[in-house]
Amino acid sequence: MIRTLAKVLVVLNSETAPAQISLAVCLSMVAGLTPLLSLHNILVFFLVLVLRVNLSSFILGLAFFTTLAYALDPLFHFIGVKVLAFEGLRGLWTSLYNITIFRLSNFYNSIVMGSILFSLVLFIPLLLTLNLGIRKYREHVLSWIAKTPLMQAIMASKFYEYYMTLSKLRSRL
Amino acid sequence: MKWIRWNGLIAFFIISAILLVFWHFLIDILIERRIEKTGTSLVGAKVELDNADLSLFPLGLTLSGVQVTNPAEPMKNAFEVARISFTIDGANLIRKKYIIEEMAVDGVKLNTQRKASGAVGRQKKAESPEVDALKLLTFELPDVKEVLKKEDIGSIKQIEDLTTKIEADKVRFEKQLSALPDEKKIKEYEDRIESLKRSARGLGGIGRAGELLAIKNEIQDQLKRIAALRDEMNINVTNYRKRMEEATSSPGKDAEKIVNKYSFSPDRLTNLSSLFIGGKVREWVDNGLRWRGKVNQIVSPEGKANGAEIQKPLRGKGVDVQFKEYRPLPDFLIRKASVSVNIPAGDIAGLITNITGDQDILGAPMKIRLSGEKLKGLTSALLEGEINRVTPYNPRDIINFTLKGYRLHDFKLTDNKYMLMAIKEALTDFHLKAELKGDSIDANIGSTVRSALIDTAIKGEKNAILETMSSALSGVKAFNFDAGVKGNIKDYKLRLDSDLDRVLSNAVGGILRNQMLAFERSIKADVAEKTDRPIKELNRNFEGLVDVNGLIDERFMKCKELLTKSTRGALPVPKLP
Chain C
201 MIRTLAKVLV VLNSETAPAQ ISLAVCLSMV AGLTPLLSLH NILVFFLVLV LRVNLSSFIL
261 GLAFFTTLAY ALDPLFHFIG VKVLAFEGLR GLWTSLYNIT IFRLSNFYNS IVMGSILFSL
321 VLFIPLLLTL NLGIRKYREH VLSWIAKTPL MQAIMASKFY EYYMTLSKLR SRL
Chain X
2 MKWIRWNGLI AFFIISAILL VFWHFLIDIL IERRIEKTGT SLVGAKVELD NADLSLFPLG
62 LTLSGVQVTN PAEPMKNAFE VARISFTIDG ANLIRKKYII EEMAVDGVKL NTQRKASGAV
122 GRQKKAESPE VDALKLLTFE LPDVKEVLKK EDIGSIKQIE DLTTKIEADK VRFEKQLSAL
182 PDEKKIKEYE DRIESLKRSA RGLGGIGRAG ELLAIKNEIQ DQLKRIAALR DEMNINVTNY
242 RKRMEEATSS PGKDAEKIVN KYSFSPDRLT NLSSLFIGGK VREWVDNGLR WRGKVNQIVS
302 PEGKANGAEI QKPLRGKGVD VQFKEYRPLP DFLIRKASVS VNIPAGDIAG LITNITGDQD
362 ILGAPMKIRL SGEKLKGLTS ALLEGEINRV TPYNPRDIIN FTLKGYRLHD FKLTDNKYML
422 MAIKEALTDF HLKAELKGDS IDANIGSTVR SALIDTAIKG EKNAILETMS SALSGVKAFN
482 FDAGVKGNIK DYKLRLDSDL DRVLSNAVGG ILRNQMLAFE RSIKADVAEK TDRPIKELNR
542 NFEGLVDVNG LIDERFMKCK ELLTKSTRGA LPVPKLP
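If you read the protein sequences in the order shown, they are chains C and X. Residue numbers 201 to 373, in this note's numbering, belong to the letters of the first sequence in order. Residue numbers 2 to 578, in this note's numbering, belong to the letters of the second sequence in order.
In case anyone wonders, no lab produced these hints; they're calculated from the structure. Keep in mind the model is a prediction, meaning the values are calculated, not measured. One should not assume that every hint holds.
Said to hold, decoys possible - Computed list of lysine-lysine pairs in DSS-like fashion (alpha-carbon distance at most 27 Å, straight line): (1) 282/C to 325/X; (2) 463/X to 282/C; (3) 166/X to 336/C; (4) 185/X to 225/X; (5) 337/X to 438/X; (6) 282/C to 97/X; (7) 418/X to 491/X; (8) 487/X to 281/X; (9) 368/X to 413/X; (10) 295/X to 262/X; (11) 487/X to 438/X; (12) 150/X to 254/X; (13) 176/X to 166/X; (14) 566/X to 186/X; (15) 207/C to 566/X.
Unchecked claim - Across the chosen pairs, the derived CB separations fall in these ranges: (16) 323/X to 278/C: 34 to 40 Å; (17) 99/X to 335/C: 49 to 55 Å; (18) 336/C to 323/X: 32 to 38 Å; (19) 32/X to 295/C: 31 to 37 Å; (20) 278/C to 28/X: 34 to 40 Å; (21) 97/X to 264/C: 27 to 33 Å; (22) 105/X to 295/C: 50 to 56 Å; (23) 317/C to 295/X: 36 to 42 Å; (24) 295/C to 73/X: 28 to 34 Å; (25) 38/X to 320/C: 32 to 38 Å.
In this text, a Cβ means the ideal position worked out from N, Cα and C, and glycines have one as well.
Next comes chain X alone, as it looks inside the complex (with noise of 0.2 Å):
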């Protein structure tokens, strides 16, 4: 026994008693800052918990004061979740599975207030475009000659290219025709002609008749020239006077595109009412897409390709080749998650099935449904949905939401630098009907709402137009509206109806229409203006080539005649043997 170290023995049983102890003691730190890290790179904004502790027997784990912060509004947590309790099945833990038969979600409190910002990294909020829109409405319509002095008028360019090529296809042909017989060597010829025809009669006939038969030809030799002469320019013709009609009308197209991007275009003007709803209906919209976003992380399977799976590989890492297993089970599973949702009204609780990136394994997809019924100030909600990646390379996610009976209390539906518009208070029925496949979305969003007390204020400068339409909504005692949401997540259309178009339309509509005019007569103007030179210029050279034409086929009509009278009374040619 010379090798065995007894001593070591013992000494590695107490290490590893030891290591145990440690790592009892710590493991709930760990977890508590895992979740932490992992949490806070998913979202975008800090994730914090108050408390995580594991236990053994059975193995399970309880999180406390769960805060995830809001992406979006760092100084609000998009929910707070007071505890999160789960045991795990231990035999598939060792086999790295994570699979949970159970979970209860208690106490989550939605947009609660933060006492310090979970920012992560530098946040740049974009402007909507009915914020964008909205500051039309201010309407300091800019000056004309400042807004043409910043606007590239892409006509003047086309017209003068065109001019130019006009110019230099005008110094070819008249170059090209000066190589063609002109007046002094028609009436030579003429004059040729004519002296062999009367010396033809003579007794020297025959060999008159030779030379005659050479002047021909060579006539003959110079129409053909003439004639593809012609034929070049009657096409040049026809196609300059196409692009002629294209860069004359251009101005008025370069007019219209300025006036459309610095004012209204007719359809905003009937459709005013979504420059107050549409900025919130985008902002619900573009914070669903977000959270969609975040939640694909945790449901989407990753790094599966042709059935073959292999993780990203991380530096110094590896990769994990992963092999079919013989009784297949996701990474990660959830099967049900009880869920009881906070809100001042109180408790809307229900149930969350399936959560796992690894529906394909699974075969189902996740479920989503929470409701409440008869709360205080609120008669039902209902959410229901389904995150569907059953087939990973198909993915469709359902959501519908409907509150009956809502009663709403300082609601901001516009808070912008122009303008607040506040519902103070009012009872409202609201609901959300979206489907995403792939990454395309159809979506409605409505509401209808009554009693309502409405609060606005216009910020910054006065402003007339802002005014009278702020004085206008503040009289609206009930409204309803409804948004179609259509397209490509990263750029969908908004569509808005509401019947505050009727009353905003009333109260500004005119005042607004005659304004737009005005300016789009001056941009018309001013474009006119700019590009009436250059479009006389285009025209001159256009009939100077023209003009080319016509000397073009005088030479052509004149070399014709030509050739018949070389023919007509000439003797005939004696038929050689």
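Chain C extracted, bound-state conformation (with noise of 0.2 Å):
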């Protein structure tokens, strides 16, 4: 637990850009609250891999949204049965389910269907408010422990420089 913290902090005092850390996160809602070995989840590793988000933010998010999943599939169940059983949307998922591709997917799988919804739903102000939470953090609350008095003597140190060298060495690793 006090490493998993430490690895975020880590994460949120690097110089790495508040979206690649909030984009990694919600990537890893989608792949981490569906169900893992689904099609749309070789897409999303497609993008995680290609795009230039942060992978420690994507793995610690994909560990936590895993175990939520567990606890929110009696909901993304209800979901799911209430939109593929909709009657306007009948025709779409008949359409769907004749096509091969769609197939498999599993998309008419209450609990694929419900957890995509679900995290699709959430993908635009998860991104934001992350966004948002992590300027601020760094704004306010790192500028804050920066200014310590003793936060300047461990700066100031020998010791630190030799931390961020290293640090840098093996980022670039």
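With the hints as a guide, bring both chains together as one complex.
Below, the structure is given as structure tokens:
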């Protein structure tokens, strides 16, 4: 738990762009909340690797949202059944059901449908909220910590200099 | 291009390639495990596979060394298949439709020995009614006193209950009778009427006539009360008389029930062959029904109701909502499976068509036809069957199986803790014709056995009757039997006719019949003795009730007479203005 929290702090305190972190978290939300072995998750993993998003945030987010998904399964099932049984959409679902690629996507499963809808609806709001949150954190909390006498003393030390050099080297590797 | 990570693209393809390689190497094992797991849960005993080999071009699967344990005999395989191979329609597979146009099933062997038990969980085998009945043949008939101690003689309670009720009613009627005019009261009425009549002849005649009229009305009221009580009593006596007859005949019925439980019915005595062949026939029928249940799991559509198909939800798996398909196809279909069965006599080969759980979509039933001719020690064998689930709510299965000129070796007809009867050698013809509609079965199984060498042995303690039967059976050279199975599959009736009945009846029928009669006599006498006192008590109470009824009648008649007296010779009552 402490290790995970430390990792989150390291990512937040790094120089990574807020959008890279928040997009990674949002993509991890899609992959984590929906059943992992689903067709759409190939696209998610492709985007994670190809887009310059923060991988640590993605992995942490994936672990978090996968755990959360177990608790939310009944909600996903409820949403999924309602949407799939909605009379107005029956024609659309029937058409998709008869298209091979969509059949492979398992969209007709209540939990797949419910979780995809749930994560897609939350995607943009979460992205914007996280972006804003990270910026605010860096602006206020991080700059306040950096200004404290203890932090000033640490940052002025030789040890910190070596740590930063090492850390940059590690990130390049 | 600040947002694109080109290394990531390469990483994606490398990871995908690694996963594909792993999949390629692991898929065979995964398929093997999956088939074993699914098969085991379906059969209820271990299903094992030596090897599964998936080929991609063309897309197909070859399974070798398939062993399916017989759930009833876990040390034996119900069947073993050397090789199953098929190609699968790749385009439909993407749509999750497993369509197999042609399958080859080679080297099927039946009833093979296993190296290790294939049991899954604990199996409990119930004794067939034939074994239970055979136990009676050992004829250590239980002690009558012991039997009656264990058995509930319901008639005693029935008689005692009735006695209590009659007693209670007797007391009630006596109480009601005591509230009615008794001898003394009637005498008083008589005296009053007499004195009024006498005095009415004088001057005060008109006043006395009025008094006489009042007495008459009083008597009329009393008469009405007695009449009501008499009617009620008559109904009660009639009702009790009927119940008395039932109660007094119930000990006989109780005795009959006990006799039937502990000994043979007369039908059984004339159908002794059913004890030796019936068990085997029942075993065949039960095995057949058990396998039908397993086939049902493959061929019956699941979770379909009112056209909306929703599969059973699994925890955390959600439900699959199925929509109308433009070109409907079964989820799983083997259009044609060529099967070759190796039996010691040679090969029996044939086709099984339309194996699917969606016969309603396919519009055709599953059909089986396997045959073999001029085999070693078997003139011909033919198995034809149809498993029809085209109309899912109206399932119908037909099976016809005939064997002609089959040379039988070491076939155990009866093997239980009392006796062994085996056909060491014989030439047989066998037929089975069965039709199952929903939960009902109508089957006929028959065989003609000739040139037979029958081996019999008594197990456990020596018993004169079983020994006589055993020796009679071992001398039989030819026999036939014809069994009819009818009723609900969970509780069917088995009827068996055989010419062995005559042999067995000649040997032991008389002795058995005498023993049964002696047992019956003892039981009946003991039950009668036990119920004798309660019946006497019942009769006494009933007679008491009848006596009360007589008293009420007598009281009624007297009051009626009194009423007549009160009106006879009385002065006419003057009309009021």
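Here is what the structure says about each hint:
1. 282/C to 325/X: This hinted pair holds, its Cα atoms lying about 18 Å apart.
2. 463/X to 282/C: violated, 74 Å
3. 166/X to 336/C: Roughly 94 Å separates the two Cα atoms, so the pair is violated.
4. 185/X to 225/X: This hinted pair holds, its Cα atoms lying about 19 Å apart.
5. 337/X to 438/X: Satisfied, since the Cα-Cα distance of roughly 25 Å is no more than 27 Å.
6. 282/C to 97/X: Since the Cα atoms of residue 282/C and residue 97/X sit roughly 24 Å apart, the hinted pair holds (cutoff 27 Å).
7. 418/X to 491/X: Holds: residue 418/X and residue 491/X sit about 25 Å apart, inside 27 Å.
8. 487/X to 281/X: holds, 16 Å
9. 368/X to 413/X: The hint is violated at about 31 Å.
10. 295/X to 262/X: Violated, at roughly 35 Å.
11. 487/X to 438/X: holds, 11 Å
12. 150/X to 254/X: holds, 17 Å
13. 176/X to 166/X: Holds, at roughly 15 Å.
14. 566/X to 186/X: holds, 15 Å
15. 207/C to 566/X: violated, 123 Å
16. 323/X to 278/C: 34 to 40 Å: 19 Å Cβ-Cβ, so the 34 to 40 Å window is violated.
17. 99/X to 335/C: 49 to 55 Å: holds, 53 Å
18. 336/C to 323/X: 32 to 38 Å: violated, 48 Å
19. 32/X to 295/C: 31 to 37 Å: Distance hint for residue 32/X, residue 295/C holds at roughly 33 Å.
20. 278/C to 28/X: 34 to 40 Å: Distance hint for residue 278/C, residue 28/X holds at roughly 35 Å.
21. 97/X to 264/C: 27 to 33 Å: holds, 32 Å
22. 105/X to 295/C: 50 to 56 Å: violated, 38 Å
23. 317/C to 295/X: 36 to 42 Å: With a Cβ separation near 40 Å, residue 317/C and residue 295/X satisfy 36 to 42 Å, so the hint holds.
24. 295/C to 73/X: 28 to 34 Å: violated, 50 Å
25. 38/X to 320/C: 32 to 38 Å: holds, 35 Å
The earlier numbered hints that this structure contradicts are 2, 3, 9, 10, 15, 16, 18, 22 and 24.
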